[in-house]
Amino acid sequence: KQEVTQIPAALSVPEGENLVLNCSFTDSAIYNLQWFRQDPGKGLTSLLLIQSSQREQTSGRLNASLDKSSGRSTLYIAASQPGDSATYLCAVKNTGTASKLTFGTGTRLQVTL
Amino acid sequence: GAVVSQHPSRVICKSGTSVKIECRSLDFQATTMFWYRQFPKKSLMLMATSNEGSKATYEQGVEKDKFLINHASLTLSTLTVTSAHPEDSSFYICSARGIGGGLGSTDTQYFGPGTRLTVL
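Heads up: the protein sequence lines correspond to chains A and B, in order.
Numbered according to the numbering used here, the first sequence spans residues 34 to 146.
Numbered according to the numbering used here, the second sequence spans residues 142 to 261.
Just so you know, these hints were derived from the structure itself, not from any lab.
Heads up, the beta-carbon is just placed ideally off N, CA and C, and yes, glycines get one too.
Any given hint might turn out to be false.
Said to hold, decoys possible - Only pairs whose alpha carbons sit at most 20 Å apart, straight line, appear in this in silico SDA-like list of lysine to any residue:
| no. | chain 1 | residue 1 | chain 2 | residue 2 |
| --- | --- | --- | --- | --- |
| 1 | A | K133 | B | L187 |
| 2 | A | K75 | B | V203 |
| 3 | A | K75 | B | S195 |
| 4 | A | K101 | A | Q35 |
| 5 | B | K155 | B | T259 |
| 6 | B | K183 | A | G74 |
| 7 | B | K182 | A | L44 |
| 8 | A | K133 | B | P227 |
| 9 | A | K34 | B | S230 |
| 10 | B | K183 | A | T78 |
| 11 | B | K183 | A | R70 |
| 12 | B | K207 | B | L187 |
| 13 | A | K34 | A | R70 |
| 14 | A | K75 | A | A43 |
| 15 | B | K182 | B | P254 |
| 16 | B | K182 | A | R70 |
| 17 | B | K183 | A | Y64 |
| 18 | A | K75 | B | K205 |
| 19 | A | K101 | A | V53 |
| 20 | B | K183 | B | V203 |
| 21 | A | K133 | B | C154 |
| 22 | A | K101 | A | G129 |
| 23 | B | K183 | A | K101 |
| 24 | B | K183 | A | R141 |
| 25 | A | K133 | A | P47 |
| 26 | A | K75 | B | K207 |
| 27 | A | K133 | A | S45 |
| 28 | A | K75 | B | S230 |
| 29 | B | K182 | A | A119 |
| 30 | A | K133 | A | E36 |
| 31 | B | K161 | B | S195 |
| 32 | B | K155 | B | P227 |
| 33 | B | K182 | A | Q143 |
| 34 | B | K183 | A | S45 |
| 35 | A | K34 | A | T128 |
| 36 | B | K182 | B | S230 |
| 37 | A | K75 | B | H148 |
Said to hold, decoys possible - Derived contacts from chain B toward chain A, CB cut-off under 7 Å, selection only:
| no. | residue |
| --- | --- |
| 38 | S184 |
| 39 | I234 |
| 40 | P254 |
In isolation and in its complexed conformation, chain A is listed as follows:
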């Protein structure tokens, strides 16, 4: 059974700092991994999707990496802004599971002025 863990559970940084969020998964037989953002009381916004054959994906100030063999992914946020404050979730789709996503526990990020 796939288990996804995110560390840290919560993080507070001053504006302008670069930061790294971590995601680990127990079953390396994944099809892809996705990072989402969730604002309080809202749905999910997809940030980046990495296929199992890829090592990283970039979008603006965001960079996600994937090391499938070690069961890890990181989300790097450059030059953080108060508007980046949200909960970040990673989710893994395993091969052969008909699109089922297993979500991590999330990291609550607060970027302070």
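Given chain A's structure and the hints, the job is docking chain B onto it.
Relative to chain A, chain B alone:
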């Protein structure tokens, strides 16, 4: 593009009543929709997978008679919480997977904004 809506966004009901939540893919067709439940400060837990025109597949521990799912068209799935109780209070989120070609990639689930259910 690839927008998923949910209605209502918030609902408060009395214990024992039934509540229906709609999930619509607005600009793409979705053969598969997913229903998740999220407790405060917790992650999303998949409840069931809904395929258009067939019965939903429920995850272990989810009561199919309590959480009725109907996926009658390629753009609409509904979740009905029957005889709701306070412990059913939660944030329910749906997602939709496209059929490919243009909007609605088969690789990606597009998530709705969620429905906050409070049962008194």
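Item to check | Hints that the structure is at odds with (numbers, increasing) | outcome: Violated hints (numbers, rising): 2, 3, 8, 9, 13, 17, 18, 21, 23, 25, 26 and 27; every other hint is consistent with the structure.
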